[in-house]
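Engineer: Read off the chains here:
Number of protein chains: 2
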Amino acid sequence: MKFEITSRSAWFPARTGILSTAHGDFETPVFMPVGTNATVKAVAPRDLESLGVSIVLANSYHLYLRPGHKLVEELGGLHCFMGWSRPILTDSGGFQVYSLARLRDISEEGVTFRSHLDGSLHFIGPKEAMEIQMSLGADMAMAFDECVPYPASHDYVMRSVGLTTRWAQRCLDAWKGVNQSLFAIVQGGMYPDLRELSARALVRLGFDGYAIGGLSVGEDRAVRLAMIEATKRCLPEDRPVYLMGVGTPEDLVEGSMRGIDMFDCVMPTRNARNGMLFTEKGRLSIKNLRYRNDLLPPDEECGCYTCSNFSRAYLRHLFLSGEILAYQLNTIHNLSYYMHLMCGIREAIRQNRLDKFREKFYERQTLLKEEVT
Amino acid sequence: MKFEITSRSAWFPARTGILSTAHGDFETPVFMPVGTNATVKAVAPRDLESLGVSIVLANSYHLYLRPGHKLVEELGGLHCFMGWSRPILTDSGGFQVYSLARLRDISEEGVTFRSHLDGSLHFIGPKEAMEIQMSLGADMAMAFDECVPYPASHDYVMRSVGLTTRWAQRCLDAWKGVNQSLFAIVQGGMYPDLRELSARALVRLGFDGYAIGGLSVGEDRAVRLAMIEATKRCLPEDRPVYLMGVGTPEDLVEGSMRGIDMFDCVMPTRNARNGMLFTEKGRLSIKNLRYRNDLLPPDEECGCYTCSNFSRAYLRHLFLSGEILAYQLNTIHNLSYYMHLMCGIREAIRQNRLDKFREKFYERQTLLKEEVT
Numbered sequence: 001m002k003f004e005i006t007s008r009s010a011w012f013p014a015r016t017g018i019l020s021t022a023h024g025d026f027e028t029p030v031f032m033p034v035g036t037n038a039t040v041k042a043v044a045p046r047d048l049e050s051l052g053v054s055i056v057l058a059n060s061y062h063l064y065l066r067p068g069h070k071l072v073e074e075l076g077g078l079h080c081f082m083g084w085s086r087p088i089l090t091d092s093g094g095f096q097v098y099s100l101a102r103l104r105d106i107s108e109e110g111v112t113f114r115s116h117l118d119g120s121l122h123f124i125g126p127k128e129a130m131e132i133q134m135s136l137g138a139d140m141a142m143a144f145d146e147c148v149p150y151p152a153s154h155d156y157v158m159r160s161v162g163l164t165t166r167w168a169q170r171c172l173d174a175w176k177g178v179n180q181s182l183f184a185i186v187q188g189g190m191y192p193d194l195r196e197l198s199a200r201a202l203v204r205l206g207f208d209g210y211a212i213g214g215l216s217v218g219e220d221r222a223v224r225l226a227m228i229e230a231t232k233r234c235l236p237e238d239r240p241v242y243l244m245g246v247g248t249p250e251d252l253v254e255g256s257m258r259g260i261d262m263f264d265c266v267m268p269t270r271n272a273r274n275g276m277l278f279t280e281k282g283r284l285s286i287k288n289l290r291y292r293n294d295l296l297p298p299d300e301e302c303g304c305y306t307c308s309n310f311s312r313a314y315l316r317h318l319f320l321s322g323e324i325l326a327y328q329l330n331t332i333h334n335l336s337y338y339m340h341l342m343c344g345i346r347e348a349i350r351q352n353r354l355d356k357f358r359e360k361f362y363e364r365q366t367l368l369k370e371e372v373t
Numbered sequence: 001m002k003f004e005i006t007s008r009s010a011w012f013p014a015r016t017g018i019l020s021t022a023h024g025d026f027e028t029p030v031f032m033p034v035g036t037n038a039t040v041k042a043v044a045p046r047d048l049e050s051l052g053v054s055i056v057l058a059n060s061y062h063l064y065l066r067p068g069h070k071l072v073e074e075l076g077g078l079h080c081f082m083g084w085s086r087p088i089l090t091d092s093g094g095f096q097v098y099s100l101a102r103l104r105d106i107s108e109e110g111v112t113f114r115s116h117l118d119g120s121l122h123f124i125g126p127k128e129a130m131e132i133q134m135s136l137g138a139d140m141a142m143a144f145d146e147c148v149p150y151p152a153s154h155d156y157v158m159r160s161v162g163l164t165t166r167w168a169q170r171c172l173d174a175w176k177g178v179n180q181s182l183f184a185i186v187q188g189g190m191y192p193d194l195r196e197l198s199a200r201a202l203v204r205l206g207f208d209g210y211a212i213g214g215l216s217v218g219e220d221r222a223v224r225l226a227m228i229e230a231t232k233r234c235l236p237e238d239r240p241v242y243l244m245g246v247g248t249p250e251d252l253v254e255g256s257m258r259g260i261d262m263f264d265c266v267m268p269t270r271n272a273r274n275g276m277l278f279t280e281k282g283r284l285s286i287k288n289l290r291y292r293n294d295l296l297p298p299d300e301e302c303g304c305y306t307c308s309n310f311s312r313a314y315l316r317h318l319f320l321s322g323e324i325l326a327y328q329l330n331t332i333h334n335l336s337y338y339m340h341l342m343c344g345i346r347e348a349i350r351q352n353r354l355d356k357f358r359e360k361f362y363e364r365q366t367l368l369k370e371e372v373t
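Protein chains in written order, with this note's numbering: chain L, 1 to 373; chain C, 1 to 373.
For reference, chain L alone in the conformation it holds in the complex (with noise of 0.2 angstroms):
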């Protein structure tokens, strides 16, 4: 993995840069959409590429249940078996252990915990999350840390980011990855001191990347911005930064000003099979009434094939009548978004004038006037 800085802002840290990997390379800041069962949801490949989708991120624990790293392996790896040939990211399973599993058990060792699917009982360390991602063979694989809940006490948090690092270490020990690079997670909740600490400790053990993780949990926006800002500061300028879980169209343009390079979550595409389409106008909740007669697309200012050949009023049909190709075309349209924010947080950066693309951001997310419920 190469990471090389093509552009600077003058007044905040926001960069624009390009990630070479073993499957191609792809400018940042990116945004990942997400491919839990080794698919992003309701959308095939071939739509993912038209829609300039550089890299998709896999989940290492669904995978790891089902159908197993040990059989994508034999399939030839992630991207062979998902019929995927450009760049993916696999998290290191910590992050699902701790929010999907039912936990039993932590130990110095790592985790024991019972599968949501069928309630078996499995163990994932550092070394086990280690050989997962080298079997699923994504480009980039993520450290295995422990998320921190929240809200939680300094002492916990103290603590936890000391297991973290240990862990990071005995990941770095195990691998082996040929052609993928890892990243390592910073926590540390939200103490800035706390986060500047395990931001350090990882920096010392010399990772390809640095993930920003425990964010997205329920605090303020400010305080995110706060540990977003603490732990970016105390991260090396030459490696690519991963806000990890992040976000809504706001936090993009807030984490990319602030020098983060990579974006991951779900909300373009599980908003979408809940009907919420994102526009230059704001949020459109496409089963509202309003829409009923509505021949307008659902963002007139977009030209995915969605917008290009539907009305809403059609939109507002298919996803009452509860068909599958309500949310295949919603998800093309939120991903279109969100690949055209990205495209324009880029080319402002380039052109040294994120501040006002932000400024005319805010402005126009309010033109909608949705009450979105």
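By construction, these hints were calculated from the structure, which means they are not laboratory data. For clarity, every value in this text was computed on a predicted model and none was experimentally measured. Keep in mind that a hint or two might mislead.
[Stated by the list, open to error] Dumping the calculated DSS-like pairs for lysine-lysine here, alpha-carbon to alpha-carbon at most 30 angstroms:
#1 C:K287 - C:K360
#2 L:K287 - C:K287
#3 L:K70 - C:K287
#4 L:K41 - C:K287
[As the list claims (entries may be wrong)] Chain C side only, calculated, beta carbon under 7 angstroms to chain L, not exhaustive:
#5 N37
#6 T39
#7 A42
#8 P67
#9 E74
#10 L75
#11 F81
#12 G83
#13 N293
#14 N309
#15 F310
#16 A313
#17 I324
#18 L325
#19 Y327
Beta carbons are placed, not taken as given, at the ideal position from N, Cα and C, and that holds for glycine.
With the hints as your guide, set chain C onto chain L.
Structural biologist: For chain C alone, kept in the frame of chain L given last:
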């Protein structure tokens, strides 16, 4: 509508033709995928186009209830609403009134029923069925008929044929469709004499085309074929004949041999969503354990998007994970199979070798040797 017969088989009633409508021409025999709620489930119009689908069927009953035929008319008609510029056929709603709705009362005027969606009370008779279909604006519309239960006595079916004939006259009286053609539906249960009675009565009234209704309701194949033959021989050679709700690949081959020009069935799309894939070598149940690590495409001889890009192992994983992409990819493949089959049938008729085609078709259908549940 214009129907031109372009070739005839030397030994069977089989023929090829070109049906011309306001939304373009298509070759017959043709298979029409079912787009119940103004969408062929799980696929977008662009997929249908690239699969060579030349006409789709939409259900008047469903669209009458939701979003309402008047709304569809206000939005520019069904083609515009669903983003499909090729021909569409709408059924009359009769079949769904009998099979889906809670039936209240059949009178000389029509049928009173309760919606399967919300229990609300509705009435559809011949006049209403014509109004609904004129609002929807499909290229081909169907007369309103009484769907005979199976089995039913000769007496019952004879009376029903009388009602269906009188309703057909009322449909003609109410019909003011512009650039829309109207087909009558021959009933008559499993009684050849009543099939003949129904057909001759409807032909005397004079329609643009004729459909054979009331089959594929649980009767033996031999009975079905006998009814097709009994009906077909009473219909004018120069009008298209449409076998409603049929069927399996075998049915398409047998029907085409007997001079059927149009078919529709939910089978390729519904079975796709249940994980059953049609292949040249027989039916394949994708959840079968034998495909766990099978890197072959569903059908090695198929060039569809699914078969060109994905393995049985991946499709099995998607299906077992309940992923929406499974439904999309399976549907694309099954429709591709059906389109390819119809293409082969047309070519075989033109080359006067449908018997050889049929022989080879049956031979190859057993090659996969899978126990399909």
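Engineer: Which of the listed hints are broken here?
Structural biologist: Of the numbered hints, just 2 does not hold.
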